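Chains as they are written, first to last, in the numbering used here: chain A, 1 to 163; chain B, 164 to 580; chain C, 581 to 753.
Think of the hints as simulated: they come from the structure by calculation, not from any bench.
Quick caveat: nothing in here was measured; it's all calculated off a predicted structure.
Among the clues, some could well be false.
What the hints assert, rightly or not - Residues from chain A shown here face chain C by an in silico Cβ test under 7 angstroms; the list is partial:
1) G122
2) M134
3) P161
4) K163
Positions of the beta carbon are idealized from the N, C-alpha and C atoms, including for glycine.
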Amino acid sequence: MAITKDEIINSLTEVKPNILFETNEHRDELTIIINKKDILELCKFLKEDIELEFKLLEDIAGVDWARRKNRFSVIYHLFSLRHNFRISVKTDVDECDCSIDSISSVFKVANWQEREVYDMFGISFKNHPDLRRMYMPEEFEYYPLRKEFPLMGIPGSNPIPKK
Amino acid sequence: MDTFNKEEFHPKIIEALLKAEDGLTIEDSLENEMILNMGPQHPATHGVLRLVLRLDGETIVACVPELGYLHRGYEKMAENMSYIEFIPHTDRLDYIAPMCNNVAYCLAVEKLAGITAPPRAQYIRMMVAELSRIASHLVAMGSLAMDVGALTVFLWTLREREKILDIWDLICGARFTNSFVRIGGVANDAYPEVIEKVKWFIGQFDENLDECERLLNTNRIFIQRLEGIGTISKELALDIGMTGPNLRATGVEFDLRRNSPYLFYNEIDFKIPTYTEGDCLARYFIRIDECRESAKIVKQVVDKMPQGEIRLNQPKKVLPEKREIYTKMEELIHDFMIIDSGINPPEGEIYSAVENPKGELGFYLVSKGDGQPWRCKIRSPSFNNLQAIPHLVKGYMISDVVAIVGSIDPIMGEADK
Amino acid sequence: MGLEASLGENSFFATTVDALVAWSREYSVWPMPMGISCCAIEMMAAGDPKFDIARFGSEVMRFTPRQCDLMIVAGTVTNKMAWVVKKIWDQMPEPKWCIAMGACTSSGGMYRSYNVVQGIDQFLPVDVYCAGCPPRPENLLNALIQIQEKIGRSKAKDFPNKLPELKIIQNAK
């Protein structure tokens, strides 16, 4: 049972008029851009609405734009099995207030995916049950995917055993 | 003997273990609990996965997996190299089914650049992707059987896999980690010898798979070790982000080849096997059924393959053929421009996913208009499947952990990126 | 069959202890498969019926380091994993040898990044390097043959043969 982009935008404006959003379409994909304070409400609505049912959170990705205002973005990709439709939700995070609400109470899969974004970018997630690093060891002090971190690493930050 | 003085368990891991919700009543429980480390080097953990278990006797109370032992920095490297240079790196993500990852990445870059490969190339991509699926499931079944004690089956499935590796050797020169698929097409054509060999392989595959099945399907020890172990419900499986055969074994019929078709899968007739029990035995049976369905798909693809060229003729985005580069001037210049400054797709971001043998492999690519991606995020299926392990092992014994991890079939190369 | 037939009756055969010990070590090398990533699959393929590593004497791949002579490091070693590899190497009893299988262990391979060790010879003494990405199983068997030749040339004075000093704990009166 297919659903169109207009129907999703209409139901969003009807049911949740307090959330301000913009839309962007590129190569037949719909992206909704919102403010970071609305993310928990929007994800709950998209999952639990009877018409929409976006039950699979495929991925949470972070991007470092290397600009002064709103340096980072966090993008959520959701898929609806009922309508075979994919939607992306994009929010901006500033470097000074580098935190955003965690949606692990709505989607259990967000637990590890948010930990990975924290490990790579340093964006902390409020109300996350267990926020620690995913890939790098706990003693590592930097955030590898930020644009100022060099590709070969910082000497001395990640030691190896001696011969 | 040297002293090993690097700290064993970081305090945050112990904290996470102790905080894990209990909700378990164990009859006859002991006074003390024990913390056991199934370390990164272990014969049954399918790669470098570390599981820290909290035990009450032999029953598992909580489990915290630790990843990162194979984190090679793919996403950072992708930002520093062009789109074409990243293709060999995608091979090493899920290294048991390398062609599937190549197909996934090239489809994502083609979507970003707005081009489509010619039909013959797409059929060849389907053929090698389904052969990769068969190879991956053979290794998964073989190692699951080996983990629970049936050593012969592993050698038999590896023997079948060697035949597939011979086919790949013939078509592109490498046994595995082939980097066969290119942006805009494939590297080599499927010559008549290759097609003959594929037809021969499919002809004898069903009986050999029957032989392996006869050893296991009615074996009392195998069934008792896998039935009812590691059960997960439909809603929890979808919520925890499982995809692929693990999700289909719980009853959700979700396959990206049907739900959002890519290549020419909507013209091929195949079934999606689904089971409802959600335990280790269902996950084992579903892989066998998928092998047979993939063999059917390959048969149809080989019969339907159209004639034509194997690479798109668009010089600004697709590398020309080597023969033309050595003899003609324009192709030489285009080759130089593409290798030097990249294919320069227009500014924008896309997400594109395919159905890998382990689940859904997705690439999120952001382009700022130049030859290197600004951000390349890899959505790997094993990373999300592994998140279910703490829920699956609760309440079972240590020897069941081996069967559960084997039936989930993780590959650490893509879980750790 | 071979030896006693060619020597005939009532003959004897003299050799050095070195040669005998080296001969027995050489043809029964038990590898410790340190399979980390893609090269581990080719190492598994070297053990399957088509390439058959067992005919070289490596009948079993024991997963416990205390029972092995040869460590085959197959796969990319990251900074986090290097500590684990070193710990396992230290647990292997002397005499021990090491094969660095593949491009990633020899020099970091195609991964020039912040978390990959650029060559395991930064913390392990490597005997044979095996090139390829991944090396074909025949390549690994060639590396094994070279290790066997190296063992065949070894002498007893190469290996330290002292007993560790035991501290005897006396019961306090």
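Checklist entry - Which numbered hints does this structure break? => result 1, 2
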